[in-house]
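Produce the complete structure using the sequences and hints provided.
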Amino acid sequence: MIFASNVFLFLYLPLFLAVYYLARPQWRSLVILAGSYLFYAWWRPDFLLLFVAVSYWNYAFGRWLHQYRQSAPRLAFRLLTVAVIGNLAVLGYFKYANFGVEVLNDLLQPLGIDTFTLEHIILPLGLSFYIFQAISYVVDVYRGHAQPARHFVDFAAYIALFPQLIAGPILHYRTIDRQLRQREHSWELFSLGASRFMLGFIKKVLIADSLAPLANRFLSNPDPGFADAWLGTAVAFIQLYFDFSGYSDMAIGLGMMMGFRFAENFNQPFLAMSFTEFWRRWHLTLADFLQNYVYRPLVKACGVNAGRALFVTMLLSGIWHGASFAFFFFGLVTALMMLLERRFRWVTTPRTPYNGWRHLLNLLLMIMMMGFFTTGDLAHSLQIHQGMLGLSGPGYLEPYLLASSRLTLAFVLVAVVWLVIAGRTNLRFYAREGAPYLMQEVRGWQAGLLWLGFALAVSRLAANSFSPFLYFQF
Amino acid sequence: MFPVMTRASRWNGYLFCLLLVAMMIYGVPQLLRYAVSQDQALTLYLDGELARDFEGEFDQQLPLRDLAIRFWGNLRYLVFREGENGVVLGQQHWLYTTEELVYPSRLDTVLTGHLSRIGEFREALARRQQQLILVPVPMKVATYPQYLGRTLPAPVARLYPRLIETLNQRQWPHVDLATAFHQPVGDDERLFLARDTHWSPRGARLAADTIARTWPELQGDRSFRTERLDESRYQGDLTGFILTSDGLAEGYKASEVVPRFETHGDLTTVTSAALFGDQGDRGIDLVGTSYSKIERWHFAGFLQQALAREVSTFAVEARGPYAAMERYLADTHRDAQPDTVIWEFPVRALLQPLDQRKSWQQSLDEQF
Chain A
1 MIFASNVFLF
11 LYLPLFLAVY
21 YLARPQWRSL
31 VILAGSYLFY
41 AWWRPDFLLL
51 FVAVSYWNYA
61 FGRWLHQYRQ
71 SAPRLAFRLL
81 TVAVIGNLAV
91 LGYFKYANFG
101 VEVLNDLLQP
111 LGIDTFTLEH
121 IILPLGLSFY
131 IFQAISYVVD
141 VYRGHAQPAR
151 HFVDFAAYIA
161 LFPQLIAGPI
171 LHYRTIDRQL
181 RQREHSWELF
191 SLGASRFMLG
201 FIKKVLIADS
211 LAPLANRFLS
221 NPDPGFADAW
231 LGTAVAFIQL
241 YFDFSGYSDM
251 AIGLGMMMGF
261 RFAENFNQPF
271 LAMSFTEFWR
281 RWHLTLADFL
291 QNYVYRPLVK
301 ACGVNAGRAL
311 FVTMLLSGIW
321 HGASFAFFFF
331 GLVTALMMLL
341 ERRFRWVTTP
351 RTPYNGWRHL
361 LNLLLMIMMM
371 GFFTTGDLAH
381 SLQIHQGMLG
391 LSGPGYLEPY
401 LLASSRLTLA
411 FVLVAVVWLV
421 IAGRTNLRFY
431 AREGAPYLMQ
441 EVRGWQAGLL
451 WLGFALAVSR
461 LAANSFSPFL
471 YFQF
Chain B
1001 MFPVMTRASR
1011 WNGYLFCLLL
1021 VAMMIYGVPQ
1031 LLRYAVSQDQ
1041 ALTLYLDGEL
1051 ARDFEGEFDQ
1061 QLPLRDLAIR
1071 FWGNLRYLVF
1081 REGENGVVLG
1091 QQHWLYTTEE
1101 LVYPSRLDTV
1111 LTGHLSRIGE
1121 FREALARRQQ
1131 QLILVPVPMK
1141 VATYPQYLGR
1151 TLPAPVARLY
1161 PRLIETLNQR
1171 QWPHVDLATA
1181 FHQPVGDDER
1191 LFLARDTHWS
1201 PRGARLAADT
1211 IARTWPELQG
1221 DRSFRTERLD
1231 ESRYQGDLTG
1241 FILTSDGLAE
1251 GYKASEVVPR
1261 FETHGDLTTV
1271 TSAALFGDQG
1281 DRGIDLVGTS
1291 YSKIERWHFA
1301 GFLQQALARE
1311 VSTFAVEARG
1321 PYAAMERYLA
1331 DTHRDAQPDT
1341 VIWEFPVRAL
1351 LQPLDQRKSW
1361 QQSLDEQF
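If you read the protein sequences in the order shown, they are chains A and B. According to this note's numbering, the first sequence is numbered sequentially starting from 1. According to this note's numbering, the second sequence is numbered sequentially starting from 1001.
What the hints contain is simulated information worked out from the structure, not anything from laboratory work. Be aware that one or more of the hints could be misleading.
[Stated by the list, open to error] Just so you have them, the derived chain A footprint on chain B, three or more residues with Cβ under 8 Å: (1) 1004-1010; (2) 1013-1023; (3) 1048-1057; (4) 1065-1071; (5) 1094-1108.
[Claimed, not checked] The calculated label-pair distances, taken between Cβ atoms and stated as ranges, are: (6) B:D1053 - A:H151: 34 to 40 Å; (7) A:A34 - B:L1067: 46 to 52 Å; (8) B:R1260 - A:L452: 46 to 52 Å.
[What the hints assert, rightly or not] Stretch-level coverage of chain A by chain B, calculated; a stretch enters the list once three of its residues show a Cβ under 8 Å from a Cβ in chain B: (9) 217-228; (10) 273-279.
Please read all numbers here as calculations on a predicted model, not as lab measurements. Every residue gets a Cβ at the ideal spot worked out from N, C-alpha and C, and that includes glycine.
And the structure:
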């Protein structure tokens, strides 16, 4: 099921919240679990079995790890290794097996060795996200940063928590554990959650989905010229931001409606002046996961040089996004750029007279990177890059302008204005901490504006039906 | 610390709750009604089909849906003077499909790809001892640019002459319809409907006559007579892109009058050779798209009359010209193949790159 769908909004959400608030507090974790399983099974009930199996695997290892962590540390480490390998094996099979066979066949064919085929494996929704949460649980229990879940229901509710199940934000068990036992339920928090949900709904349905026809038109052109390659990728990038940050806002808002506080996932990524800064502003919970569970263990436990650890981490981040060479190159280029930035200290010198140029340059480089990201196909992304470099001619915007609706172009303008206002708000906030900002408190005319946007978004959804969130494919 | 919402008025929460209650009052009976009507609910549920089916029905029956569609349709028309994605509003209530206006950035490469694909089909037919005559159908936007209300992009305007020039150079048999289509005709003899993608019966007849004039050697000895029956009102396919409320943009939603035709063969002209088992005239095969498939345009009937030969139609709607030809070539069950195949080929198909990519949004939409 998708947050931005009529069934979710008109049926699932009101029913779930009614049952949730009518249930006794001690039953609420069970309500969350049942509701989340129903939410997940809506797409493919058969994959629920895998989901339950992964949950139980990690729950059981969590208890063993806690038992042997101090009395038999070597056994505990082996148990941890088995638990993590089990999780990665599931991820590897469902996410990378098709790609692996493809690559293997490409290697075998020139050698005259018979190639083989594998039945097409469907990637279960949210797998990359819930496997990461499961890994964070066993590692935290092993490290002693979290107590193991007392009941399977508590742990399963953490893994399955439907607001963040499909595409994050990726949660740490230690932060949710406390909230599963006791959390705040108040009108203030519910109202804030409802407002945040509405904001995310507007971003996704009204803006991201309105930009989709233009982005689709550009991205379906196999051989774009200079103008269409740049504009198309830029529009797709903006669409992706509104889509994913809209999803994250909705998830955070839904969490608040149920008394949870989730971590923030975005902090105006278009303001970044370097790749390093971009990853401090985009998909923050993934960056946090990679830092805690990949980068730091590599540096601290394995003694890997910080630069190499960064390289490996960013390469893995690229591959995590998808099983294709395009994502591999996305990770590779990101890693190289971040190493360069570290080498020349571009990140640690935040104030220079050239900040405007740095900002522009980084934005252009990020748009170029989106060629890999928004196609997921190396050949197609290279054609886009060829177009961006002017090797495929100047390109024409005329046909796109003729064929694009003016409504779509108006929404592109709305999106850009939104980004400029949000960007300025963000800069001012950090320059003068404590100063009030737009939509900080949703009341008065700001509440009116939010409700107007929400009403427009609901009507747009009713008119057009839903479209899935882009990050669901990861 | 992030500059995000930190507080909200309680009224937001109260209002949202009220909205949820209203939604529940609407949604739950829908769910119950659907659940009662299902016989094999468990089997369908396990396939994931039940959820998709319910969701589709729920979306369609949403009372807000019609209101919302009209609201956005009105907004688009009143503020932006446009219809839904896919249509261009012209002058005097003419509508055009955007497929005729969007051209790829490297049209040369795209055209080369199409020509080699056409060449492959030509060779496949030649191997079956069949001659291919390509009949490129001009674009409505190039035939009637005067109603577009803006300048026709040069690559679009030049597309047809470029194609004919290449076909001449390669000496591929073809029919140039554009010259005939650009002759002035009266308003009541329009070659395309104002609010439909396709040609009118007048355009279809002109195309058939032009084919017969260009290829006199195709003339047979059968006699066919086409009779005009009556007129009926027809809602053009492009009016489906104008989703405004009643009373708004009515001119763009108006139906058009289309005459109906019927073609009869005269059995007395069948040759004695055919009657006594000789193959005789094996007719002509017409392969094409909706221009040939939709009986309202009566293209096959006009072609039979113009060529005085039996015409068998192999047309596929809404899949482009290649799908029809692929299906035609795959059909190997016929005893005798005619010597000539006429391929009705809408020129706008040449603007679509053959290796068009699916965007990630389109791939995801298919998954759900």
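>> Hints numbered earlier in the text: which of these fail when held up against the supplied structure?
In response: 7, 10
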